[in-house]
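Build the full structure now, drawing on both the sequences and the hints.
From first to last, the protein sequence lines stand for chains X and E.
For what it's worth, full-length UniProt numbering labels the leading residue of the first sequence as 1, then goes sequentially.
For what it's worth, full-length UniProt numbering labels the leading residue of the second sequence as 1, then goes sequentially.
These are computed hints drawn from the structure, not numbers from a lab.
Here the structure is a predicted model, which is why all the values come from computation and not from measurement.
Be aware that a few hints might be false.
Unchecked claim - List of simulated lysine to any residue pairs, SDA-like, C-alpha gap at most 20 angstroms:
1. Lys74(E) <-> Glu239(X)
2. Lys74(E) <-> Asp235(X)
3. Lys74(E) <-> Asp153(X)
4. Lys74(E) <-> Glu70(X)
5. Lys74(E) <-> Ala94(X)
6. Lys74(E) <-> Leu85(X)
7. Lys74(E) <-> Arg86(X)
As the list claims (entries may be wrong) - Pulled from the structure, derived: some chain E residues nowhere near chain X, Cβ distances all over 10 angstroms:
8. Val8
9. Leu11
10. Gln29
11. Val59
To be verified - Residues from chain X shown here face chain E by an in silico Cβ test under 7 angstroms; the list is partial:
12. Met1
13. Ala52
14. Thr54
15. Ile55
16. Pro131
17. Thr143
18. Phe233
19. Gln236
20. Ala237
Cβ atoms here follow ideal geometry from the backbone N, Cα and C, with glycine treated the same way.
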Amino acid sequence: MTRRVRLWILAVGGAGLAALLVAACLELPGFGGTSHPYGDRAVRASLARRTANTIASINFDQRAFDTLGEMSILFASVLGTVVLLRQTRDERRAKPEPAYVALPVRRYALIVLPVALLTGLYVIAHGQLSPGGGFQGGVVAATALHLLYLGADYRALERIRPVGLYEVGDALAASAYLVTGLAGLIGGAAFLANTLLPYGTFNTLSSGGTVPLLNAAIGMEVACAVVVLLARFLDQAVEIEQEGGT
Amino acid sequence: MDDPLIVVTLLLVAACATAAVAVRDPERQALVLAVLGTTLAVLFTVLQAPDVALSQLAVGSALTPLLLLLSVRKVRRRGRKKDKAR
Numbered sequence: 001m002t003r004r005v006r007l008w009i010l011a012v013g014g015a016g017l018a019a020l021l022v023a024a025c026l027e028l029p030g031f032g033g034t035s036h037p038y039g040d041r042a043v044r045a046s047l048a049r050r051t052a053n054t055i056a057s058i059n060f061d062q063r064a065f066d067t068l069g070e071m072s073i074l075f076a077s078v079l080g081t082v083v084l085l086r087q088t089r090d091e092r093r094a095k096p097e098p099a100y101v102a103l104p105v106r107r108y109a110l111i112v113l114p115v116a117l118l119t120g121l122y123v124i125a126h127g128q129l130s131p132g133g134g135f136q137g138g139v140v141a142a143t144a145l146h147l148l149y150l151g152a153d154y155r156a157l158e159r160i161r162p163v164g165l166y167e168v169g170d171a172l173a174a175s176a177y178l179v180t181g182l183a184g185l186i187g188g189a190a191f192l193a194n195t196l197l198p199y200g201t202f203n204t205l206s207s208g209g210t211v212p213l214l215n216a217a218i219g220m221e222v223a224c225a226v227v228v229l230l231a232r233f234l235d236q237a238v239e240i241e242q243e244g245g246t
Numbered sequence: 001m002d003d004p005l006i007v008v009t010l011l012l013v014a015a016c017a018t019a020a021v022a023v024r025d026p027e028r029q030a031l032v033l034a035v036l037g038t039t040l041a042v043l044f045t046v047l048q049a050p051d052v053a054l055s056q057l058a059v060g061s062a063l064t065p066l067l068l069l070l071s072v073r074k075v076r077r078r079g080r081k082k083d084k085a086r
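Pasting the structure below:
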């Protein structure tokens, strides 16, 4: 196949895709209209299960299987990062030296750290009630821990962050999600079906059946995954050096 | 599309995205990316999608720039070592 033929095939494919996209966009409803057929049905379904945050109901009840897929993607990508960024044979670990931190930076980081950590945990815990949830809160809580790297130094961060524990936590949370799904299969109707637990009172922490459980599992999984991911990157950026300068 | 607030935030996002492409230094690019993440979060909030806005705020303006800065630091450090060995 010559370069010319390949370009022609690319041009035909691209033109076809563009034509289809334009045709699809012409049929779209207007921006910001009042008719939301999917939204209305999703809200009705989430209210029937007494979940105040419809997005949480979609993520962890109506489309819980999709969330399982997304969680597996994050899990697999972190696993890939851990394998890729490991210490190879021609690399060695250099002890990171304590670095000077400007006083305002140190003060700010140490004041904001507990606030940010608490915010992350709050967002995870209230995922089924207010905007947010396991994913958002997990990322906030995990990045909040790294304010210690800004405010103090790398060794202080390493002391409060045993990576092995977080790796175990990541795997445990991922299997907790699976086990909850299997419990739905065994005790209820289908895999990840939200029929096992009582739905509780509307707008309380325990309302929504399995939604809070799955939400908490995702929160733990994401928080641990982000900590492990950042730990690998920090290892490479701060500690691991190539031997002999090659 | 008649709400002026939506138009203003859309323009802000477009300006920040253009700036992120125009800046060539990776370190500054990471910072501009963080600002872009924040403006995108504002846009999602204005469009009444607070869940997405929270994800965008956490990932787009904190996690991604941090990963980028760490990668830049690693690459720079390796370059410096090579120069010393020569």
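Structure-based check of each hint:
1. Lys74(E) <-> Glu239(X): holds (10 angstroms)
2. Lys74(E) <-> Asp235(X): Given that 20 angstroms is the threshold and the Cα spacing comes to 10 angstroms, the pair holds.
3. Lys74(E) <-> Asp153(X): With Cα atoms ~17 angstroms apart, Lys74(E) and Asp153(X) stay inside 20 angstroms; holds.
4. Lys74(E) <-> Glu70(X): violated (29 angstroms)
5. Lys74(E) <-> Ala94(X): Between Lys74(E) and Ala94(X) the Cα gap is close to 13 angstroms, so the pair holds against 20 angstroms.
6. Lys74(E) <-> Leu85(X): holds (12 angstroms)
7. Lys74(E) <-> Arg86(X): holds (14 angstroms)
8. Val8: Val8(E) clear of chain X: closest Cβ-Cβ about 15 angstroms, beyond 10 angstroms.
9. Leu11: With a cut-off of 10 angstroms, Leu11(E) remains clear of chain X, as the shortest Cβ separation is near 16 angstroms.
10. Gln29: Non-interface label stands for Gln29(E): nearest chain X Cβ at 17 angstroms, farther than 10 angstroms.
11. Val59: violated (6 angstroms)
12. Met1: violated (33 angstroms)
13. Ala52: violated (13 angstroms)
14. Thr54: violated (9 angstroms)
15. Ile55: Nearest chain E Cβ about 4 angstroms off; hint holds.
16. Pro131: With a minimum Cβ separation of about 4 angstroms from chain E (threshold 7 angstroms), the hint on Pro131(X) holds.
17. Thr143: holds (5 angstroms)
18. Phe233: Holds - the Cβ of Phe233(X) comes within 7 angstroms of chain E, reaching about 4 angstroms at its closest.
19. Gln236: At 5 angstroms from the nearest chain E Cβ, Gln236(X) passes the 7 angstroms test, so the hint holds.
20. Ala237: Holds: closest Cβ of chain E sits about 4 angstroms from Ala237(X), inside 7 angstroms.
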